[in-house]
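S.K.: Each chain, letter by letter, is given below.
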Amino acid sequence: IAGITQAPTSQILAAGRRMTLRCTQDMRHNAMYWYRQDLGLGLRLIHYSNTAGTTGKGEVPDGYSVSRANTDDFPLTLASAVPSQTSVYFCASSLTVTDTQYFGPGTRLTVL
Amino acid sequence: QKEVEQDPGPLSVPEGAIVSLNCTYSNSAFQYFMWYRQYSRKGPELLMYTYSSGNKEDGRFTAQVDKSSKYISLFIRDSQPSDSATYLCAMSARGNTGKLIFGQGTTLQVKP
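Which chain is which? The protein sequence lines are A and B, in order. Counting from 1, one number per residue, gives the positions in the first sequence under my numbering. Counting from 1, one number per residue, gives the positions in the second sequence under my numbering.
Just so you know, the hints here were simulated from the structure itself, not pulled from any lab data. Treat the numbers as computed from the prediction; the structure is a model and nothing was measured. Check the hints yourself; a few may be wrong.
[To be verified] Covered stretches of chain A, as calculated for chain B (at least 3 residues, CB under 8 Å):
| id | segment |
| --- | --- |
| 1 | 37-49 |
| 2 | 70-77 |
| 3 | 100-107 |
Every residue, glycine too, gets a C-beta built ideally from N, C-alpha and C.
With the sequences and hints as input, model every part of the structure.
M.R.: See below:
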């Protein structure tokens, strides 16, 4: 089934640990995005990639890094997790930056 | 002040009611306006997309954009229990079309 997969589905993490959230799409979309969703704040863009090999900062990039080595994968890394990074993380993709964004099922992350 | 403001609700209506969901924004550069629907523990999915001002209708759903007032609306006619979800408005500016700015989301419950 075509779409976006995210892993893990949920994770509890100790503060200070390193964590990579995985995102893979099989739609051959050029653009990919990472958002976090927090109660009362909606979805906020963390990082984006317009095409493989390029990345950019979104609204809330601090504490996160991304890479885009190929078209399909767009991992998000928390180098040293902090409790304020407790959130639901959504990966999205679009054919180009002007096209509809399709969202993955999300990863629920709790940092203690 | 957030660039996009949305009343978080919750909003509870009887089946068959007309529902009005609204967002206001402050950035006059926004040109592209979207409504996403998000079911509990799922990723958002695009419901309506509008460019610039005007109305757009799709079945029971109507999206309105009033750029002079910096105000957008989503109307749901003959609401159904299956419409119970969180509705998020999102918008972007020309030249930054991939960088969506979301409202906080409004939770809607349609009671049978």
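S.K.: Output the indices of the hints that this structure fails to meet, ascending.
M.R.: Hint 2 alone not satisfied by this model.
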